[in-house]
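Participant: Residue numbers (numbering that gives the first Met the number 0), protein chains in the order written: chain L, 0 to 374; chain Y, 0 to 314.
Simulated from the structure, these hints should not be mistaken for laboratory data. Hints may be right or wrong, so weigh each one.
To be verified - Each pair of labels, with its calculated beta carbon distance range:
#, chain 1, residue 1, chain 2, residue 2, range
1, Y, Asn228, L, Lys209, 30 to 38 Å
2, L, Pro109, Y, Asp165, 33 to 41 Å
3, L, Ile112, Y, Ala259, 44 to 52 Å
Stated by the list, open to error - Dumping the calculated DSBU-like pairs for lysine-lysine here, alpha-carbon to alpha-carbon at most 30 Å:
#, chain 1, residue 1, chain 2, residue 2
4, Y, Lys164, L, Lys240
5, L, Lys96, Y, Lys41
6, Y, Lys164, Y, Lys180
7, L, Lys242, L, Lys188
8, Y, Lys180, L, Lys240
9, Y, Lys36, L, Lys242
10, L, Lys58, L, Lys19
11, Y, Lys182, Y, Lys164
12, Y, Lys180, L, Lys101
13, L, Lys352, L, Lys209
14, L, Lys188, L, Lys224
15, L, Lys101, Y, Lys265
16, L, Lys96, Y, Lys265
17, L, Lys325, L, Lys357
18, Y, Lys265, Y, Lys128
19, L, Lys188, Y, Lys41
Even glycine gets a Cβ: it sits at the ideal position worked out from N, Cα and C.
Residue strings, one per chain:
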Amino acid sequence: MSDNPSFVLKSILDAEIQQKPVPEIEANEILVEVKKTGICGTDVHFLVHGSVGDFIVEKPMVLGHESAGVVSKVGPGVTNVKVGDRVAMEPAATCRKCEACKEGRYQICPDIICAATPPTDGTLTRYYRLPSDLAYPLPPSLSLEDGALMEPLSVAVHAVSKLGALRSNQSVAVFGCGPVGLLCMAVAKALGASRVIAVDIIPDRLEFAKTYAATDTFLPPSIDKGESGVTFSIRNAQAMKEKLSITEHGSRAIDLVLDASGAEVAIQTGIRIAKSGGTFVQVGIGNRDITIDMFAVLCKELVLRGSFRYGPGDYSLAIALVASGKVDVKSLVSHRFPFTQACEAFEITRNGKSPDGKGVIKVMISGPDVDINEV
Amino acid sequence: MVLGHEAAGVVSKVGSRVTNVKVGDRVAMEPGATCRKCEACKEGRYQLCPDVIFAATPPTDGTLARYYRLPSDLAYPLPPNLSLEDGAMMEPLSVAVHAVSNLGALRSNQSVAVFGCGPVGLLCMAVAKALGASRVIAVDIVPSRLEFAKAYAATDIFLPPPMEKDESRVEFSMRNAQAMKEKLGIADRGSQAIDLVLDASGAEVSIQTGIRIVKSGGTYVQVGMGNPNVNIDMFVVICKELVLKGSFRYGPGDYPLAIALATSGKVDVKPLVSHRFPFTQAREAFETTRNGKSPDGKGVIKAIISGPDVDINEA
């Protein structure tokens with residue numbers, strides 16, 4: 000195929016399929032024919048608000064970054080993949096030369112080129128150009144949809160395994176039962192957590208988490224009229240500790256807390272339920288200005304870590320966890336759309352459910368001319 | 000409750016089995032006795048022991064007394080070149096060592112910014128300098144405190160602009176961080192980036208500014224206690240993959256390192272003693288500390304109260 004239909008964000012709430020030039024590849028790069036792309040909350044946020052934090056869309060941009068495909072062309076010097084290979088695509092090319100890249104933290108490279116982060120075009124297109132080392136061959140047991148889910152799974156691996164440094168038998172609480180939260184729970188379980196507590200305000204999402212990877216669930220009480228977030232979080236943490244027998248020290252303490260919701264009251268509650276000396280990892284992006292109880296952070300000597308995308312080793316571990324059966328990603332695909340219905344796919348994701356009432360977890364968009372049932 | 004916890008004294012009596020000190024030894028006193036048996040104690044973080052018995056933290060009586068009872072391993076003999084006042088200063092210096100060296104993991108040639116030029120902030124700067132920091136930036140809103148920091152341990156100082164009428168703290172902190180970066184040539188990455196930021200002020204705008212000026216991938220240590228509820232920019236924390244650590248008192252190895260730094264002359268605690276009072280004037284000592292300066296206008300850094308019947312000039 001010589002054409003390259005792409006799903007372009009033109010301006011707020013205005014996206015359509017347009018032709019884009021087929022990218023030229025250079026040495027050590029490959030061209031991937033994108034087969035499956037999952038929709039992420041940040042894609043939706045760009046569509047609806049034109050920005051995510053300091054990332055602002057200033058010109059039309061192709062959306063999508065959670066993808067897998069088939070290698071279509073390889074440049075000189077490429078040895079790790081060949082034409083026809085099914086690959087997961089790590090969508091962020093970094094400079095290799097700066098301090099961050101060299102010291103093993105390429106995720107904070109200042110010159111990172113990340114699909115669907117302005118101004119870089121994303122993967123909702125036919126052909127995507129990628130450095131070859133960012134293409135990971137998929138084992139036979141993984142479908143292309145599984146491959147697309149390696150991106151959010153790598154986010155979870157980075158947060159839980161890399162930054163959270165979770166060890167076997169530790170206990171974990173995850174706030175937010177969206178795809179990233181669910182995958183954090185799955186990684187925690189796969190790495191041997193003794194307890195994986197899921198928290199969400201939507202009962203259906205908690206139900207799903209319980210069947211998927213959580214050992215315990217907690218539904219926060221409703222916030223009282225006029226109650227401040229701080230007061231609520233104190234009450235919420237207390238209720239959570241009582242219901243789940245959580246303590247600050249010892250075997251009932253929570254070693255690692257992750258927030259995958261971005262919600263202030265979740266973050267405040269999470270800080271209160273983390274054990275003395277525990278770790279809190281912030282992976283969910285929400286409102287930027289968050290009030291936290293610094294006294295709790297200080298007296299418990301908490302370590303609060305911001306988690307941004309994924310770094311060295313995360314994609315490989317993600318693929319290994321799925322290939323070995325320790326993590327199942329298939330259950331998270333709730334909806335599938337052909338490329339021509341990308342607009343509807345985003346609409347459904349934004350609504351949180353399809354017209355038939357089914358709740359959204361991960362919506363998958365197939366590549367141009369790819370059947371939605373093709374694995 | 001008896002007050003006081005930053006103390007040094009002379010061993011008056013030893014129980015059976017005490018081997019590390021003898022009667023008559025001058026010692027710095029680490030005022031937090033822990034249980035030794037819980038997970039925190041055994042894993043090397045005794046500062047988090049839930050059953051800690053800490054001088055002048057309710058309900059435990061403090062050290063502003065003639066006699067104080069202490070587990071012997073929490074008494075550190077003072078080398079001949081450290082005075083008893085130096086010994087008392089080992090407590091706040093250990094807080095600084097814990098924050099900068101232990102939690103901050105400061106390495107030689109890294110750069111540091113410290114918000115708040117009170118005793119703990121100043122001592123954090125001194126520890127940073129002693130451990131080989133290439134740059135030690137002091138920030139305070141009181142010019143005379145900044146001047147002192149510059150003479151004491153800071154390589155650079157920064158006086159924040161005043162807050163504007165109707166300006167929110169968030170807006171102020173963005174403006175403040177921008178001004179600080181411009182004035183001091185601070186970058187987000189590379190050799191002009193700030194590796195480690197400590198807040199020893201507890202002030203929300205300092206904390207917000209600190210998070211903005213620390214480098215991408217940097218460490219931020221909270222040692223100052225202020226208003227518990229602090230509003231921070233979580234997006235910055237995420238995108239820069241910051242590590243934010245709460246620092247509480249001191250743990251294994253901090254007192255010995257503090258004493259070693261003072262003994263070797265790498266850190267000088269003497270300039271921080273601004274006021275001295277006899278025991279009988281303890282009340283005035285607290286009043287002066289509370290006012291921030293004595294009636295003669297001299298600013299307070301550290302006020303030292305001598306023990307009962309101890310002359311204020313006895314070293």
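Participant: If you test the structure against every hint from before, which numbers come out violated?
Facilitator: Of the numbered hints given earlier, those the structure breaks are 4, 5, 8, 14, 15 and 16, listed in rising order.
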